[in-house]
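Number of protein chains: 6
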Amino acid sequence: MNIVVMNCNTTASMTEAMASTARSVAAPGTVIIGMQPNWGPDSAEGYFDSYLTAAAVLDRMTQLPDDVDAVVMAGFGEHGREGARELLTVPVVDVTEAGAHLALMLGHRYGVVTTLRRAIAQISDSLTTANLLGGCAAIDAADLGVLEIEEDVEATRKAMLVAAHRVIERGAEVIVLGCAGMVGLREYLEEELPVPVIDSIEAATKLAESLVGLGLSTSKYLTYAAPRTKKRPGWPISPSQ
Amino acid sequence: MNIVVMNCNTTASMTEAMASTARSVAAPGTVIIGMQPNWGPDSAEGYFDSYLTAAAVLDRMTQLPDDVDAVVMAGFGEHGREGARELLTVPVVDVTEAGAHLALMLGHRYGVVTTLRRAIAQISDSLTTANLLGGCAAIDAADLGVLEIEEDVEATRKAMLVAAHRVIERGAEVIVLGCAGMVGLREYLEEELPVPVIDSIEAATKLAESLVGLGLSTSKYLTYAAPRTKKRPGWPISPSQ
Amino acid sequence: MNIVVMNCNTTASMTEAMASTARSVAAPGTVIIGMQPNWGPDSAEGYFDSYLTAAAVLDRMTQLPDDVDAVVMAGFGEHGREGARELLTVPVVDVTEAGAHLALMLGHRYGVVTTLRRAIAQISDSLTTANLLGGCAAIDAADLGVLEIEEDVEATRKAMLVAAHRVIERGAEVIVLGCAGMVGLREYLEEELPVPVIDSIEAATKLAESLVGLGLSTSKYLTYAAPRTKKRPGWPISPSQ
Amino acid sequence: MNIVVMNCNTTASMTEAMASTARSVAAPGTVIIGMQPNWGPDSAEGYFDSYLTAAAVLDRMTQLPDDVDAVVMAGFGEHGREGARELLTVPVVDVTEAGAHLALMLGHRYGVVTTLRRAIAQISDSLTTANLLGGCAAIDAADLGVLEIEEDVEATRKAMLVAAHRVIERGAEVIVLGCAGMVGLREYLEEELPVPVIDSIEAATKLAESLVGLGLSTSKYLTYAAPRTKKRPGWPISPSQ
Amino acid sequence: MNIVVMNCNTTASMTEAMASTARSVAAPGTVIIGMQPNWGPDSAEGYFDSYLTAAAVLDRMTQLPDDVDAVVMAGFGEHGREGARELLTVPVVDVTEAGAHLALMLGHRYGVVTTLRRAIAQISDSLTTANLLGGCAAIDAADLGVLEIEEDVEATRKAMLVAAHRVIERGAEVIVLGCAGMVGLREYLEEELPVPVIDSIEAATKLAESLVGLGLSTSKYLTYAAPRTKKRPGWPISPSQ
Amino acid sequence: MNIVVMNCNTTASMTEAMASTARSVAAPGTVIIGMQPNWGPDSAEGYFDSYLTAAAVLDRMTQLPDDVDAVVMAGFGEHGREGARELLTVPVVDVTEAGAHLALMLGHRYGVVTTLRRAIAQISDSLTTANLLGGCAAIDAADLGVLEIEEDVEATRKAMLVAAHRVIERGAEVIVLGCAGMVGLREYLEEELPVPVIDSIEAATKLAESLVGLGLSTSKYLTYAAPRTKKRPGWPISPSQ
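If you read the protein sequences in the order shown, they are chains A, B, C, D, E and F. Position 161 (the first sequence) corresponds to 161 in full-length UniProt numbering; numbering is contiguous. Position 199 (the second sequence) corresponds to 199 in full-length UniProt numbering; numbering is contiguous. Position 156 (the third sequence) corresponds to 156 in full-length UniProt numbering; numbering is contiguous. Position 112 (the fourth sequence) corresponds to 112 in full-length UniProt numbering; numbering is contiguous. Position 112 (the fifth sequence) corresponds to 112 in full-length UniProt numbering; numbering is contiguous. Position 142 (the sixth sequence) corresponds to 142 in full-length UniProt numbering; numbering is contiguous.
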C-alpha cells in the first residue's frame, strides 16, 4: 500500500520529518511517500498562508504517482481537505481530523495543543466543519514567539507542556498535538503528562491504512463529486509532468 | 495482536458471524477472539435489553484472556462502553463510534440504517454522548417486524435498501450499517447504492488495530480511572474462572 | 398513592435515608416505599458501577409491589431510566432530571454540585441525553477523597459549599445537589448560599406525585414500548418471588 | 395553598375556563384564584399582542392578594415570565415551560400542537430561552383560520388532531397542548392518539404545588433580583388598589 | 430618508444623546428623529423594566410620523423588536442585533460589554433569539453600583475598560458596547484597547440606512404579519393623536 | 469611497455584472471597482474550485489600488475571506455573510437558494464558520444541469423559484440569493414570492459602505493579524505590478 504524506509547506526538512513519523508507525508493506507543494509558504500560520497552502497542495496533487492508495494531508488546521476529496478518488485523511477521531475513543473529552495562539481560531473552524469540535474541551497554544519556537526546541517543549496542562485543567483527558515535525514531542509529553498524547500524523497514517484496508474511499455522490470540466486559465500552477 | 470481539447478546451464531467479519479485514498477525456474555438477551433491541447487555458484557469482561490487546464492543447503539473503559487498560472500540469515525472522513454527512424503528432514539443517544451526532444527517430503520427480519433475509435487505435511500434523501453521503451479523449486507447495499457503505465491525476492527499499533489506550486520568475497590455483593454474576 | 424510591446501590442505610427524605416532602396520602437492588455495588461512582446498578435496579424492578403508582430512581447521574420506562407502565422519575426541571423554573441557569470529580462527565452525559444540559452553567465536585466524604460529614459539607460557590461564579443561580442521603445538606447550604438549593430526591418525589395526579405515564408509542418477549438466559438475576 | 392562575388576555370566560382546569387537578387544600389583566388584547396571537400581555400581566401583578403562594402564567408561548420572577417573591410557573418539563419525563422527545401557524416561531423562542427546545421534535399548528377556531369547536379539535399526527410523524412521543381554555381537548386527543397528551395548565398547577411544597422559590441572586427602585412615570397603568 | 431612533426609556436627555449619536454617522440626507415612550421606566435594567419598555415603545409606535422610513430600537438587550416588526411595515433594526452583525465581519468572535451584571442573562437571551449568540465569546459587565455609573463617568469608563479586557481574555476580538448614551465611550475604549469597538446605535443607524437603500423591509409572510384586528380594551395606553 | 468588488472567477462578463449590481445600490460618492483574479476557474462550483479561487483572489489582492476603502468578496459560499482579513487593513465583506446579516433582521428565519445541489454543503460550512447558520431554515438548489443554467435563463429562474418555495415551506421567511450575476433575478423572485428577496452583492455593498462610514475595520488583534513575513517561494503567482 502506497500512502502519500503531503506536507502543506515548502520546507523539505519538515516533509522528511513527517514522512519519517509516518514510516515509524506504518504497517509492514505500507510505503510512505513524502511530498510537498512546488510553491507557497515555508510554514503556515494563519488563514492567509492556509489558503495558499490549500491551492499549492491541490496543485501538487495533480502530480501524484499513479499507484497511490491514500493521501494524508499533513497540515494541522490547514484548509483544502474537501477539495482534495473532490479531486482524488483515493481516500484523503486530514491530520486535524485524525487526531480527534482517535482521541474521542480514549477519553471523555480531548484537547488540542498547538504552537501559536493565532492558530486557535483556525483549528476551531477546521474541527467545526469536520463535525469534531463537540468533544473538544479546549484548544490552547504554547504562545512562544515564532523565533523561540524555531530556534529553541527545549523552550518549545516546555511551553507545549504548560499549554497541555491548561487544556487538561479545562477538561481534556487526551491531548492531540496540533503541530508536526517536532521529533520526540509526543514521547516527551507522554512522560510528563497523566494523559495519552496523540501525534496527528501517526493517527492519520493508521486511519489511511484502515480505509484502504476496508476498500473504502470518498463518497462521490454529491458534495465530493469530481470537479467539473471547465476552463481554468493559469491552472495548474505547476507545469504538468 | 489479539483483539476480542465482544458480542453483546447470547446468540452464539451471531458471535461467530461477528468474529468472522472481523477476521475478514484483520491484518496479518491479528488474532480475533469472539466472545459473548454468559447471560442476558439473545438479541438486544431497546434500552431495557441494552442495559442488561451492558452489565452482562462487563461481567464477561472479568474473564478476558490475559494477553488481549484491544476489545471491540459489537452491539450497535448499546450501552456499556464507558464502563469497559474504566474496567480495562487496553483500548475499547465501540462499533457505534467506529462506523461514524470512518464515515466522517468519507462524506460531508453520514447516515445510519438500522433494523427497528425503536432503536433510532437509542442510537441517537449513543452518538450524542460520543460527540459524533453532529455529522449525522439521519438515522432510519428498515422497519420490518421482528419476525420478518429474522426469517426473511431478502425482505430485510430490501427494507434496509429503502431506508438507506431515505437517509441519502435527507443528506447522507455515506451509510453506516447499524446492525451486525447480516452476512453480505454491505456488499449488497454497495452494489445498489451510489454511496460508500460501512460495516461497523469492520471499522471497529481496523480502529482497534490502529490504537494498538500506536501504543495508545484509554486515558486513566479522571473519568475512566479504574473502578474503586469496594463491596459489590453478588458481583460478578458469573463464577470467577 | 404509592411511590417506590429505588436506591441504585445496596447500602440499606442509604435506602432508608432516601426514603426518609422523600417522606418528608410527600403529600398526605402518599406512601413512600424504599427499595434497593439485590446485588451490586454498595455505592456508585463512575460508569462501571453505574452500568452495574442499571441492571441491578432493572432486576429489582421485576419484584415491584403490584400497586405501585410511580417510581423514583434515586441514583444521581446513574444509568437505567430509559430501560425502566420500557419495563414499567407507571411513570418513572430520575432524580438527575428532577432537580434540573425544578431548577430551570427558579433561575436563569443552574449548577450541579456532586461529591467526586470523576462523576462530572457522567452527570453531564445524563443531563445531555435528558435534553437538560442547556440551562446548566456548571457541574462541579467537592473533590474530597472518598474516605473523607464517607467519614467526615463536616469536611464534606464544607467542600460542597466551596464547590457550590464555584458553580455560582460560573453563572449558576440555583444549586442542584448531585448526591443523595446526606441528611441536612440542603439546609446547611441554603443557609450559607445566596441561591436556592434543590434536593433531587425531594424534587423527584413531587414530580412523581404530579405525574400520577394528572394521570400521566410514559409514552409507550415507540421508543419506550415494552421490551420484546424473547429468551434472556440467566435473567432475571434475582429469583422470582 | 393559594395559587393565582393568571390569564394573559382580557377574556373573562377564558380566565374562568383556565381556573377551572387548574381546579380540576389541584390537590385538596389548594385554592385556585383566576385573574386576568385590566387591559390588553382579548386574545394573544403573535409577538405584538404577546408583548402587550406581558406588560398588562405585570401591571395586574401589582394587585395580587397578599397570601398568594405561587403564580401560574397561563399564556402559552407568551412573554413576561422573567419579569414576573423579578417582581414577585413567590414561585412563577409559565405554562409553556410546564408542559415541556413533564413531557421530557414521559417520552424521548415531545411535540407541541398549537392553533395558529404564526405562533410557532414565538413558541420556539420561548422554549429556547427556557432551555427546553432541545427535546422538542416539532411545533406545529392546526392552521385553521381564526374564525373557524373560535366558532367551530369540532373543526378545531380535528385540526389539532391532524397537527398532532404530524408532530408524531416528526418524532414526538408526547404531545403538549400549546393553547388553553379548550375544554375537553386533552381527553379527545388522548382517545384518538397513541401518545400521552399534556394540558399545560394542568402541568403548571402541579409544578406550582410542587415548588411551594418544597419551600422553593425564584433565585433572587442576580438575574431575577427585585426591580430597582426608580421613576416609572405612568406606571402602573392600573390604579393602585 | 427619515429614521426614528426610539429610546426605550423616558429620559429625554438619553433620547437626545442617542439621536445625536445617530446623527453623527448618518448619511447626508438622512433625518434622525429621536423619540421616547410616553410612560415607563426612566432607565431599563432587568427583565421587568424591559417588558415595560417593550409595551411602552409599541404604544409610542402608534404615533410615528407618516413618512418614517425605518426605526432603530435603541434599548440594548431590551424586548419588543419582534412586536415592532409585526406592527410596522418599515424595517426595524434593534441595536442589540446591529452591533453583533457588524462585529461578526470584523473579528473571529466578538464580546459585549455592558454596565450591570444583572443584564448579562437578558442580553444573552436577546442574542440567542436573534440567532447571533454563536459568535459571541463573552458578555461581561462593568459591575459598578448603579449610583456610581450614573454619577461618575470616569469610574464607569474605567470599569467598562476592565470588563472589555476580560472579554478579550475570553476570546473576543471585537467589542460591542451594550449600553447607550455615554458620550465618547467608543473613542475612549478604542484608544485604550487593541481591538475595534462598536457603538450599537451607530451600527443600527447604518444598517437601517442599508435596508432602506435596498428597498428591503420586514417579511410579512407569517411570523411578522400585521397584528390581527381585535378588541384590546385600554390599548393604546397613550391617547391617539 | 472606493469599494473593490472582487469576483472570485475569471469570467469578465460576470465581474462586470457584479460591479454593475453594486453600482446600482451604491451611495452617491461610492466608486465601485470590479476586479477578478488573474488565473483560476471561469466559474466556481465545489470545494476544489473554491480553494483555487481563494488563492487566486488573495493573489489578486496584492494588486489592489492604493486608495481602496473596502473589499466585497463576491463568491457566494467560496473560501478565502479570513485570509483577506489578514492580508488587508480595509474591511472585507463576504457576500455569503452579507445576505445572511440583512436577512436576520427581516424575518424569523431565512433560507438560501443557489443553483447547484453540490454547493449546499459548502454554503452550509461557510455560514457555520461565520456563525450565521443558526437562523437559516434551509439551503436549497435549483438543481438544473449546469448547461441548462448557463444557457436557459428562463428555466433557471423558474427552477430558482421552485427552490425558493421549498425553503419557504421549510420555514424561511426571507430568501437570500446564493449566486451572482443573474441580472433581474431578485426582481423576478420578489414579484413571484410572498417574502423579501436579498441579492447578496447588493447587501455586501451597503455593509461595506456602513463599515467604512463608521471608521471600522478588521480586528488585527490576534486571529486576523497581518501574515508573518516569511519565505513563500513562487508567491505571488501574478507578477508584481
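Hints are computed from structural coordinates only; laboratory data are not their basis. Take the hints with a grain of salt, since some may be wrong.
Note: identical chains are not told apart, hence a pair may lie in one copy or across any two.
[Claimed, not checked] Here are the simulated lysine-lysine pairs, DSS-like style, with alpha carbons at most 27 Å apart:
id, residue 1, residue 2
1, Lys231, Lys220
2, Lys230, Lys158
3, Lys230, Lys220
How the hints compare with the structure:
Proximity of Lys231 and Lys220 under a CA criterion of 27 Å is satisfied intra-copy only: 22 Å inside one chain copy versus 37 Å between copies. Within a single copy, Lys230 and Lys158 get their C-alpha atoms only as close as 50 Å, which misses the 27 Å cut-off; across copies the closest is 25 Å, which meets it. In this assembly of identical chains, the alpha carbons of Lys230 and Lys220 lie at most 27 Å apart only when taken from the same copy (18 Å versus 38 Å across copies).
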